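A.B. asks: Sequence:
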Amino acid sequence: MEFRSTNLHHLNSAVTQSEAAALELQQLNSRISSLETSIEDQTGELNKKDGGIKQLEKVIEEKSNSLASLQSKVQLLQEKGWLELKERGGEVDARVNEFEKQVVSLIKEIEAQNKKKEELEARANAAEKKIEGAEFEA
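Under the UniProt record's numbering, the first residue of the sequence shown is numbered 1, with each subsequent residue one higher.
Mixed in with the good hints, there may be bad ones.
[What the hints assert, rightly or not] Heads up, simulated DMTMM-like pairs for lysine to aspartate or glutamate below, C-alpha to C-alpha not over 25 angstroms straight-line: (1) Lys86 x Glu109; (2) Lys130 x Glu118; (3) Lys108 x Glu121; (4) Lys129 x Glu118; (5) Lys80 x Glu91; (6) Lys101 x Glu87; (7) Lys73 x Glu61; (8) Lys73 x Glu62; (9) Lys129 x Glu119; (10) Lys48 x Glu36; (11) Lys48 x Glu62; (12) Lys130 x Glu111; (13) Lys58 x Glu45; (14) Lys108 x Glu119; (15) Lys117 x Glu132; (16) Lys63 x Asp50; (17) Lys108 x Glu118; (18) Lys117 x Glu128.
Quick caveat, the hints were computed from the structure, so don't treat them as lab data. Computed from a prediction, not measured in an experiment: that's the story for all the values here.
Produce the complete structure using the sequences and hints provided.
C.D. replies: What follows is the structure in structure tokens.
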């Protein structure tokens, strides 16, 4: 009976080990399933974020293109403005030269008028002296 008891004990021990292994296997399978679900969820989140990143990259590219276009337009306007300023500067220089010529001409005219005035004053003085001299003699 001791043999049976030992066999029974070995059998019970084997069944208990088998049940423990089955329970551990079930727990491991449950853990694997849980991890797979977590991986799927995280993969979905990553795909969602990747899509968002791609959209942001498109927006950035569009904004960059728009910015480059605006910078190009600004540069063209600045160049055009510079050319207009140079052109206007040329016009201003021409007008300044014209005004300078007019000033020189007016100065010459004033000098001529002053000379005529002095000549007329001298003639008037001479005429007065003649009149005074004629009155004195008369």
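A.B. asks: Decide if the proposed pair is consistent with the structure: Lys108 and Glu119, CA atoms, cutoff 25 angstroms inclusive.
C.D. replies: holds, 16 angstroms
A.B. asks: Hey, Lys108 versus Glu121, does the alpha-carbon distance stay inside 25 angstroms?
C.D. replies: holds, 20 angstroms
A.B. asks: Going straight from one Cα to the other, do Lys117 and Glu132 come out at no more than 25 angstroms?
C.D. replies: Holds - the C-alpha atoms of Glu132 and Lys117 are around 22 angstroms apart, at most 25 angstroms.
A.B. asks: Can you confirm whether the C-alpha distance between Lys63 and Asp50 stays at or below 25 angstroms?
C.D. replies: Holds. Lys63 to Asp50 sits at ~20 angstroms (cutoff 25 angstroms).
A.B. asks: Quickly compare the C-alpha distance for Lys117 and Glu128 to 25 angstroms and report which way the hint goes.
C.D. replies: holds, 16 angstroms
A.B. asks: Take a quick look at whether Lys48 and Glu36 sit within 25 angstroms of each other, Cα to Cα.
C.D. replies: Holds, because 18 angstroms separates the two Cα atoms, which is no more than 25 angstroms.
A.B. asks: Quickly compare the C-alpha distance for Lys108 and Glu118 to 25 angstroms and report which way the hint goes.
C.D. replies: Distance of about 15 angstroms is within 25 angstroms: holds.
A.B. asks: Can you confirm whether the C-alpha distance between Lys86 and Glu109 stays at or below 25 angstroms?
C.D. replies: Given that 25 angstroms is the threshold and the Cα spacing comes to 34 angstroms, the pair is violated.
A.B. asks: Is the hinted pair Lys129 and Glu118 satisfied, with a Cα-Cα distance of at most 25 angstroms?
C.D. replies: Distance ~16 angstroms between Lys129 and Glu118 Cα, so the pair holds.
A.B. asks: Between Lys129 and Glu119, is the straight-line Cα distance small enough, at 25 angstroms or below?
C.D. replies: holds, 15 angstroms
A.B. asks: Are the Cα positions of Lys80 and Glu91 separated by 25 angstroms at most?
C.D. replies: holds, 16 angstroms
A.B. asks: Is Lys73 close enough to Glu61, meaning Cα to Cα at most 25 angstroms?
C.D. replies: Cα-Cα ~18 angstroms, so holds.
Hints 1, 12 from the earlier list are contradicted by this structure; the remaining hints agree with it.
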